[in-house]
Amino acid sequence: MKSKFWNYIFWLVIAAAFIGPGTVTTAASAGANYQLQLLWALLFSTLACIVVQEASARITIVSGKSLGQAIKDRFSNSSFVWFIGISIFLGCLAYEAGNILGAISGLALLNLGIPQWVFTSIIAGVSFLLLYFEKTKSVPQILGALVAIMGLGLFYAAFNVEVKWNELATGLFVPHLPEGSTLIVLGLIGTTIVPYNIFLGSGLAEGKELKSVRSGLIFSILLGGFISMAVVIVGTSVNGQFSFENLFNQLISDHGTVMGYAFAFGLFGAGFTSTITAALAGALTIRSVHPKGNSWSDQSLKFRRFWMAIILIGFGFGVSGIKPIPVIIAAQAANGLILPVLTFALCILCNSKLLLSHKNGMWLNLAMMVTLFATSILGLINVSKAFHAIVGIDFSFTGINQWFIVTLSIAVVTFTVFQIQKERRVNI
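For the sequence shown, the numbering used here gives the first residue as 83, with consecutive numbering after it.
Possibly wrong hints are sitting among the right ones.
The calculated DSS-like cross-link candidates involving lysine-lysine, where the alpha carbons are at most 30 Å apart (straight line), are [claimed, not checked]: (1) K147 x K293; (2) K374 x K384; (3) K86 x K147; (4) K504 x K147; (5) K374 x K435; (6) K441 x K147; (7) K441 x K293; (8) K293 x K504; (9) K441 x K374; (10) K504 x K441; (11) K147 x K435; (12) K384 x K290.
Simulated from the structure, these hints should not be mistaken for lab results.
Based on the provided sequences and hints, a complete structural model is requested.
The following block contains the structure:
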(Lines of atoms letter the chains of each structure in order from A and count residues from 1; the text may use other names and numbers.)
(Lines give C-alpha, C1' and ligand atoms only; values in the text may rest on other atoms or scores of the structure.)
Protein backbone atom coordinates (compact mmCIF):
# COMPACT_ATOMS: atom_id res chain seq x y z
CA MET A 1 0.00 0.00 0.00
CA LYS A 2 2.82 2.36 0.92
CA SER A 3 4.68 1.63 -2.33
CA LYS A 4 1.52 2.35 -4.35
CA PHE A 5 1.10 5.68 -2.58
CA TRP A 6 4.66 6.76 -3.36
CA ASN A 7 4.26 5.52 -6.93
CA TYR A 8 1.31 7.91 -7.35
CA ILE A 9 3.26 10.74 -5.72
CA PHE A 10 6.27 10.02 -7.97
CA TRP A 11 4.26 10.30 -11.18
CA LEU A 12 2.64 13.57 -10.15
CA VAL A 13 5.76 15.07 -11.71
CA ILE A 14 3.96 14.82 -15.07
CA ALA A 15 1.10 16.93 -13.72
CA ALA A 16 3.70 19.33 -12.31
CA ALA A 17 5.26 19.62 -15.75
CA PHE A 18 2.14 20.54 -17.72
CA ILE A 19 0.42 22.69 -15.08
CA GLY A 20 2.59 25.74 -15.57
CA PRO A 21 1.85 29.47 -15.73
CA GLY A 22 0.76 29.04 -19.35
CA THR A 23 -1.83 26.45 -18.34
CA VAL A 24 -3.14 28.62 -15.51
CA THR A 25 -3.33 31.66 -17.81
CA THR A 26 -5.09 29.80 -20.64
CA ALA A 27 -7.50 27.91 -18.37
CA ALA A 28 -8.40 30.99 -16.32
CA SER A 29 -8.89 33.01 -19.53
CA ALA A 30 -11.17 30.26 -20.87
CA GLY A 31 -13.27 30.49 -17.71
CA ALA A 32 -13.33 34.29 -17.72
CA ASN A 33 -14.32 34.61 -21.38
CA TYR A 34 -16.44 31.50 -21.99
CA GLN A 35 -17.46 30.37 -18.50
CA LEU A 36 -17.72 26.54 -18.43
CA GLN A 37 -18.30 26.00 -22.16
CA LEU A 38 -14.74 24.81 -22.92
CA LEU A 39 -14.33 22.18 -20.20
CA TRP A 40 -14.77 19.49 -22.86
CA ALA A 41 -11.47 20.61 -24.46
CA LEU A 42 -9.65 19.89 -21.20
CA LEU A 43 -11.36 16.52 -20.88
CA PHE A 44 -10.25 15.62 -24.42
CA SER A 45 -6.69 16.88 -23.95
CA THR A 46 -6.37 15.04 -20.63
CA LEU A 47 -7.39 11.72 -22.22
CA ALA A 48 -5.15 12.38 -25.24
CA CYS A 49 -2.25 13.16 -22.90
CA ILE A 50 -2.76 9.79 -21.19
CA VAL A 51 -2.61 8.07 -24.59
CA VAL A 52 0.73 9.58 -25.69
CA GLN A 53 2.40 9.44 -22.25
CA GLU A 54 1.46 5.78 -21.77
CA ALA A 55 2.73 4.98 -25.27
CA SER A 56 6.14 6.59 -24.69
CA ALA A 57 6.56 4.84 -21.32
CA ARG A 58 5.46 1.48 -22.78
CA ILE A 59 8.01 1.76 -25.59
CA THR A 60 10.84 2.43 -23.13
CA ILE A 61 9.88 -0.31 -20.66
CA VAL A 62 9.15 -3.10 -23.17
CA SER A 63 12.04 -2.35 -25.55
CA GLY A 64 14.58 -1.52 -22.85
CA LYS A 65 15.64 1.49 -24.92
CA SER A 66 15.28 5.21 -24.36
CA LEU A 67 12.61 6.84 -26.51
CA GLY A 68 15.24 8.66 -28.55
CA GLN A 69 17.16 5.42 -29.17
CA ALA A 70 13.97 3.55 -30.13
CA ILE A 71 13.06 6.25 -32.66
CA LYS A 72 16.60 6.28 -34.09
CA ASP A 73 16.69 2.48 -34.43
CA ARG A 74 13.29 2.33 -36.14
CA PHE A 75 13.73 5.22 -38.56
CA SER A 76 17.51 4.76 -39.06
CA ASN A 77 18.02 8.51 -39.10
CA SER A 78 20.07 10.15 -36.36
CA SER A 79 19.46 13.66 -37.75
CA PHE A 80 15.70 13.10 -37.38
CA VAL A 81 16.16 12.20 -33.72
CA TRP A 82 18.51 15.12 -33.11
CA PHE A 83 16.00 17.51 -34.68
CA ILE A 84 13.40 16.30 -32.18
CA GLY A 85 15.80 16.47 -29.23
CA ILE A 86 17.25 19.90 -29.96
CA SER A 87 13.81 21.37 -30.71
CA ILE A 88 12.45 20.14 -27.38
CA PHE A 89 15.54 21.39 -25.54
CA LEU A 90 15.14 24.78 -27.25
CA GLY A 91 11.52 24.87 -26.08
CA CYS A 92 12.54 24.15 -22.48
CA LEU A 93 15.14 26.90 -22.73
CA ALA A 94 12.75 29.46 -24.20
CA TYR A 95 9.95 28.92 -21.71
CA GLU A 96 12.03 28.66 -18.53
CA ALA A 97 11.99 32.42 -17.94
CA GLY A 98 8.20 32.31 -18.29
CA ASN A 99 8.01 29.58 -15.65
CA ILE A 100 10.12 31.62 -13.22
CA LEU A 101 8.18 34.83 -13.90
CA GLY A 102 4.91 32.89 -13.53
CA ALA A 103 5.95 31.75 -10.06
CA ILE A 104 6.87 35.34 -9.20
CA SER A 105 3.43 36.51 -10.42
CA GLY A 106 1.83 34.33 -7.76
CA LEU A 107 4.03 35.78 -5.01
CA ALA A 108 3.56 39.33 -6.33
CA LEU A 109 -0.18 39.06 -5.69
CA LEU A 110 0.58 38.88 -1.97
CA ASN A 111 2.24 42.34 -1.99
CA LEU A 112 5.23 41.23 0.07
CA GLY A 113 7.27 44.24 -1.03
CA ILE A 114 10.26 42.13 -2.09
CA PRO A 115 12.04 43.03 -5.38
CA GLN A 116 11.50 40.73 -8.36
CA TRP A 117 15.20 39.90 -8.68
CA VAL A 118 15.21 38.49 -5.13
CA PHE A 119 12.32 36.13 -5.87
CA THR A 120 13.93 35.17 -9.19
CA SER A 121 17.21 34.36 -7.45
CA ILE A 122 15.47 32.28 -4.77
CA ILE A 123 13.37 30.27 -7.25
CA ALA A 124 16.31 29.63 -9.60
CA GLY A 125 18.62 28.86 -6.67
CA VAL A 126 16.27 26.38 -4.99
CA SER A 127 15.59 24.68 -8.35
CA PHE A 128 19.34 24.42 -8.99
CA LEU A 129 20.10 22.96 -5.54
CA LEU A 130 17.20 20.52 -5.68
CA LEU A 131 18.37 19.07 -8.99
CA TYR A 132 22.03 19.14 -7.96
CA PHE A 133 21.77 17.34 -4.62
CA GLU A 134 18.84 15.03 -5.34
CA LYS A 135 18.89 12.10 -7.70
CA THR A 136 16.70 12.42 -10.79
CA LYS A 137 14.48 9.63 -9.49
CA SER A 138 13.93 11.41 -6.13
CA VAL A 139 13.02 14.88 -7.41
CA PRO A 140 9.60 13.77 -8.75
CA GLN A 141 8.47 12.77 -5.25
CA ILE A 142 9.21 16.26 -3.93
CA LEU A 143 7.47 17.88 -6.90
CA GLY A 144 4.56 15.46 -6.55
CA ALA A 145 3.98 16.57 -2.98
CA LEU A 146 4.06 20.23 -4.11
CA VAL A 147 1.51 19.50 -6.85
CA ALA A 148 -0.78 17.81 -4.35
CA ILE A 149 -0.65 20.91 -2.11
CA MET A 150 -1.14 23.23 -5.09
CA GLY A 151 -4.10 21.14 -6.22
CA LEU A 152 -5.72 21.37 -2.80
CA GLY A 153 -5.47 25.17 -2.94
CA LEU A 154 -7.02 25.39 -6.40
CA PHE A 155 -9.71 22.81 -5.60
CA TYR A 156 -10.60 24.79 -2.49
CA ALA A 157 -10.95 27.92 -4.61
CA ALA A 158 -13.03 26.11 -7.27
CA PHE A 159 -15.42 24.50 -4.79
CA ASN A 160 -16.18 27.91 -3.33
CA VAL A 161 -17.22 29.34 -6.71
CA GLU A 162 -20.94 29.02 -7.33
CA VAL A 163 -21.64 26.97 -10.47
CA LYS A 164 -24.74 25.41 -11.97
CA TRP A 165 -24.32 21.65 -12.21
CA ASN A 166 -26.21 21.37 -15.50
CA GLU A 167 -23.87 23.96 -17.07
CA LEU A 168 -20.87 22.08 -15.66
CA ALA A 169 -22.06 18.78 -17.18
CA THR A 170 -22.87 20.40 -20.52
CA GLY A 171 -19.50 22.14 -20.72
CA LEU A 172 -17.70 18.92 -19.84
CA PHE A 173 -19.46 16.45 -22.14
CA VAL A 174 -20.96 18.51 -25.01
CA PRO A 175 -18.30 19.89 -27.39
CA HIS A 176 -19.11 23.45 -28.39
CA LEU A 177 -17.05 26.19 -30.04
CA PRO A 178 -18.32 29.65 -29.10
CA GLU A 179 -17.37 32.39 -31.55
CA GLY A 180 -13.71 33.32 -31.27
CA SER A 181 -12.82 30.39 -28.99
CA THR A 182 -10.90 28.18 -31.44
CA LEU A 183 -7.41 29.36 -30.46
CA ILE A 184 -8.25 29.13 -26.74
CA VAL A 185 -9.40 25.52 -27.26
CA LEU A 186 -6.19 24.67 -29.09
CA GLY A 187 -4.26 26.47 -26.36
CA LEU A 188 -5.87 24.24 -23.72
CA ILE A 189 -4.82 21.18 -25.72
CA GLY A 190 -1.33 22.55 -26.32
CA THR A 191 -0.65 23.28 -22.65
CA THR A 192 -1.68 19.73 -21.68
CA ILE A 193 0.03 17.63 -24.38
CA VAL A 194 3.60 18.91 -24.15
CA PRO A 195 6.49 17.45 -26.24
CA TYR A 196 9.09 17.57 -23.45
CA ASN A 197 6.69 15.75 -21.11
CA ILE A 198 6.74 12.78 -23.47
CA PHE A 199 10.51 12.45 -23.04
CA LEU A 200 10.27 13.25 -19.32
CA GLY A 201 7.78 10.43 -18.74
CA SER A 202 9.77 8.03 -20.89
CA GLY A 203 13.04 8.84 -19.11
CA LEU A 204 11.52 8.37 -15.65
CA ALA A 205 9.92 5.06 -16.70
CA GLU A 206 13.27 3.37 -17.38
CA GLY A 207 13.73 0.25 -15.25
CA LYS A 208 10.18 0.27 -13.85
CA GLU A 209 7.24 -2.12 -14.23
CA LEU A 210 4.68 -1.29 -16.91
CA LYS A 211 1.70 -1.87 -14.62
CA SER A 212 2.86 0.53 -11.90
CA VAL A 213 3.95 3.15 -14.44
CA ARG A 214 0.63 2.97 -16.25
CA SER A 215 -1.40 3.38 -13.05
CA GLY A 216 0.83 6.23 -11.85
CA LEU A 217 0.62 8.07 -15.17
CA ILE A 218 -3.16 7.77 -15.41
CA PHE A 219 -3.61 9.02 -11.84
CA SER A 220 -1.21 11.93 -12.35
CA ILE A 221 -2.62 13.12 -15.67
CA LEU A 222 -6.24 12.81 -14.51
CA LEU A 223 -5.41 14.84 -11.40
CA GLY A 224 -3.61 17.40 -13.55
CA GLY A 225 -6.65 17.62 -15.81
CA PHE A 226 -8.94 18.14 -12.82
CA ILE A 227 -6.65 20.89 -11.50
CA SER A 228 -6.81 22.63 -14.89
CA MET A 229 -10.60 22.34 -14.82
CA ALA A 230 -10.59 23.84 -11.33
CA VAL A 231 -8.67 26.82 -12.73
CA VAL A 232 -11.35 27.24 -15.44
CA ILE A 233 -14.03 27.29 -12.74
CA VAL A 234 -12.04 29.80 -10.69
CA GLY A 235 -11.65 31.92 -13.83
CA THR A 236 -15.42 32.29 -14.16
CA SER A 237 -15.26 34.63 -11.15
CA VAL A 238 -13.60 37.38 -13.20
CA ASN A 239 -15.68 40.40 -14.15
CA GLY A 240 -14.24 42.32 -17.09
CA GLN A 241 -10.75 41.93 -18.56
CA PHE A 242 -8.83 38.88 -17.33
CA SER A 243 -5.58 39.32 -15.43
CA PHE A 244 -4.09 37.53 -12.43
CA GLU A 245 -4.58 40.64 -10.32
CA ASN A 246 -8.23 41.04 -11.34
CA LEU A 247 -8.95 37.39 -10.58
CA PHE A 248 -7.11 37.60 -7.24
CA ASN A 249 -9.06 40.70 -6.18
CA GLN A 250 -12.37 39.23 -7.37
CA LEU A 251 -11.82 36.05 -5.36
CA ILE A 252 -11.05 38.05 -2.21
CA SER A 253 -14.07 40.29 -2.80
CA ASP A 254 -16.46 37.37 -3.32
CA HIS A 255 -15.05 34.71 -1.01
CA GLY A 256 -12.55 36.24 1.40
CA THR A 257 -8.78 36.51 1.77
CA VAL A 258 -8.17 32.75 2.03
CA MET A 259 -9.54 32.22 -1.49
CA GLY A 260 -7.20 34.81 -2.95
CA TYR A 261 -4.22 33.31 -1.15
CA ALA A 262 -5.18 29.82 -2.34
CA PHE A 263 -5.08 31.02 -5.96
CA ALA A 264 -1.82 32.96 -5.47
CA PHE A 265 -0.13 29.90 -3.99
CA GLY A 266 -1.49 27.74 -6.82
CA LEU A 267 -0.01 30.10 -9.41
CA PHE A 268 3.34 30.13 -7.58
CA GLY A 269 3.32 26.33 -7.35
CA ALA A 270 2.58 26.00 -11.07
CA GLY A 271 5.54 28.20 -12.00
CA PHE A 272 7.97 26.75 -9.46
CA THR A 273 7.34 23.09 -10.30
CA SER A 274 7.49 23.82 -14.04
CA THR A 275 10.82 25.60 -13.55
CA ILE A 276 12.29 22.35 -12.23
CA THR A 277 10.54 19.95 -14.62
CA ALA A 278 11.43 21.97 -17.74
CA ALA A 279 15.12 21.87 -16.79
CA LEU A 280 14.99 18.17 -15.92
CA ALA A 281 13.05 17.29 -19.08
CA GLY A 282 15.51 19.17 -21.28
CA ALA A 283 18.44 17.21 -19.84
CA LEU A 284 16.59 13.88 -20.06
CA THR A 285 15.68 14.58 -23.68
CA ILE A 286 19.29 15.23 -24.71
CA ARG A 287 20.43 12.14 -22.80
CA SER A 288 17.79 10.11 -24.61
CA VAL A 289 18.87 11.17 -28.11
CA HIS A 290 22.65 11.32 -27.54
CA PRO A 291 24.53 8.21 -28.79
CA LYS A 292 26.43 7.96 -25.48
CA GLY A 293 23.58 9.19 -23.29
CA ASN A 294 23.05 5.79 -21.67
CA SER A 295 26.41 6.16 -19.91
CA TRP A 296 25.50 9.53 -18.34
CA SER A 297 24.56 9.19 -14.69
CA ASP A 298 22.30 11.70 -12.95
CA GLN A 299 25.37 13.10 -11.16
CA SER A 300 27.61 13.33 -14.23
CA LEU A 301 28.60 16.77 -15.50
CA LYS A 302 27.60 15.75 -19.02
CA PHE A 303 24.00 15.33 -17.82
CA ARG A 304 23.97 18.21 -15.34
CA ARG A 305 25.29 20.82 -17.77
CA PHE A 306 22.05 20.73 -19.77
CA TRP A 307 19.65 21.39 -16.89
CA MET A 308 22.14 23.92 -15.50
CA ALA A 309 22.06 25.82 -18.81
CA ILE A 310 18.26 25.94 -18.84
CA ILE A 311 18.02 27.26 -15.26
CA LEU A 312 20.85 29.79 -15.66
CA ILE A 313 19.53 31.21 -18.94
CA GLY A 314 16.00 31.32 -17.51
CA PHE A 315 17.40 33.11 -14.46
CA GLY A 316 19.20 35.64 -16.67
CA PHE A 317 16.07 36.52 -18.63
CA GLY A 318 14.01 36.52 -15.43
CA VAL A 319 16.27 39.01 -13.63
CA SER A 320 16.59 41.29 -16.66
CA GLY A 321 12.87 41.15 -17.41
CA ILE A 322 13.71 40.70 -21.09
CA LYS A 323 11.59 38.19 -22.98
CA PRO A 324 13.66 36.14 -25.45
CA ILE A 325 11.14 36.79 -28.25
CA PRO A 326 13.23 35.45 -31.18
CA VAL A 327 14.01 32.26 -29.24
CA ILE A 328 10.36 31.86 -28.23
CA ILE A 329 9.21 32.27 -31.84
CA ALA A 330 11.78 29.72 -33.01
CA ALA A 331 10.74 27.34 -30.22
CA GLN A 332 7.05 27.71 -31.10
CA ALA A 333 7.77 26.85 -34.73
CA ALA A 334 10.04 23.91 -33.87
CA ASN A 335 7.75 22.51 -31.18
CA GLY A 336 4.78 23.03 -33.48
CA LEU A 337 6.40 20.58 -35.87
CA ILE A 338 7.68 18.30 -33.12
CA LEU A 339 4.36 17.43 -31.46
CA PRO A 340 2.69 15.82 -34.53
CA VAL A 341 6.03 14.32 -35.65
CA LEU A 342 6.54 12.78 -32.22
CA THR A 343 2.94 11.53 -32.12
CA PHE A 344 3.47 9.98 -35.57
CA ALA A 345 6.64 8.24 -34.36
CA LEU A 346 4.78 6.88 -31.31
CA CYS A 347 2.02 5.53 -33.58
CA ILE A 348 4.54 3.62 -35.69
CA LEU A 349 6.59 2.33 -32.74
CA CYS A 350 3.48 1.14 -30.89
CA ASN A 351 2.61 -1.05 -33.88
CA SER A 352 6.11 -2.42 -34.49
CA LYS A 353 7.67 -5.74 -33.56
CA LEU A 354 9.67 -3.82 -30.96
CA LEU A 355 6.72 -4.09 -28.54
CA LEU A 356 5.98 -7.79 -29.14
CA SER A 357 2.68 -8.59 -27.37
CA HIS A 358 2.34 -5.01 -26.11
CA LYS A 359 1.48 -3.53 -29.50
CA ASN A 360 -1.53 -1.26 -29.93
CA GLY A 361 -4.99 -2.72 -30.38
CA MET A 362 -7.72 -1.19 -32.54
CA TRP A 363 -9.05 1.17 -29.86
CA LEU A 364 -5.62 2.48 -28.90
CA ASN A 365 -4.81 3.11 -32.55
CA LEU A 366 -8.09 4.98 -32.97
CA ALA A 367 -7.32 7.11 -29.90
CA MET A 368 -3.85 7.87 -31.26
CA MET A 369 -5.28 8.89 -34.65
CA VAL A 370 -7.65 11.37 -33.00
CA THR A 371 -4.74 12.68 -30.94
CA LEU A 372 -2.54 12.95 -34.04
CA PHE A 373 -5.25 14.95 -35.84
CA ALA A 374 -5.54 17.41 -32.94
CA THR A 375 -1.77 17.76 -32.51
CA SER A 376 -1.32 18.25 -36.26
CA ILE A 377 -3.79 21.14 -36.26
CA LEU A 378 -2.14 22.62 -33.18
CA GLY A 379 1.35 22.17 -34.61
CA LEU A 380 0.51 23.73 -37.96
CA ILE A 381 -1.14 26.69 -36.21
CA ASN A 382 1.99 27.25 -34.09
CA VAL A 383 4.20 27.11 -37.18
CA SER A 384 1.87 29.51 -39.01
CA LYS A 385 1.80 31.92 -36.05
CA ALA A 386 5.59 31.89 -35.88
CA PHE A 387 5.88 32.57 -39.63
CA HIS A 388 3.32 35.38 -39.47
CA ALA A 389 5.19 36.90 -36.49
CA ILE A 390 8.43 36.93 -38.50
CA VAL A 391 6.82 38.80 -41.41
CA GLY A 392 4.83 41.06 -39.07
CA ILE A 393 1.32 39.89 -40.00
CA ASP A 394 -1.44 38.91 -37.56
CA PHE A 395 -2.50 35.25 -37.81
CA SER A 396 -6.15 34.21 -37.87
CA PHE A 397 -7.38 30.61 -37.86
CA THR A 398 -10.16 31.37 -40.35
CA GLY A 399 -10.87 31.15 -44.07
CA ILE A 400 -8.08 29.78 -46.24
CA ASN A 401 -5.76 29.31 -43.24
CA GLN A 402 -8.30 27.07 -41.50
CA TRP A 403 -9.09 25.11 -44.66
CA PHE A 404 -5.41 24.51 -45.44
CA ILE A 405 -4.46 23.44 -41.90
CA VAL A 406 -7.41 21.06 -41.44
CA THR A 407 -6.88 19.50 -44.89
CA LEU A 408 -3.17 18.98 -44.26
CA SER A 409 -3.94 17.45 -40.84
CA ILE A 410 -6.36 14.97 -42.44
CA ALA A 411 -3.62 14.08 -44.94
CA VAL A 412 -1.17 13.45 -42.06
CA VAL A 413 -3.63 11.08 -40.36
CA THR A 414 -4.37 9.26 -43.63
CA PHE A 415 -0.66 8.79 -44.33
CA THR A 416 -0.13 7.49 -40.79
CA VAL A 417 -2.93 4.93 -41.12
CA PHE A 418 -1.29 3.52 -44.26
CA GLN A 419 2.09 3.44 -42.51
CA ILE A 420 0.62 1.56 -39.54
CA GLN A 421 -0.95 -1.02 -41.86
CA LYS A 422 2.40 -1.43 -43.60
CA GLU A 423 4.18 -1.76 -40.24
CA ARG A 424 1.83 -4.47 -39.01
CA ARG A 425 2.13 -6.44 -42.28
CA VAL A 426 5.93 -6.40 -41.99
CA ASN A 427 5.67 -7.73 -38.43
CA ILE A 428 3.49 -10.71 -39.33
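- Item | Numbers of the earlier hints that this structure fails to satisfy, in rising order | Violated hints: none; all satisfied.
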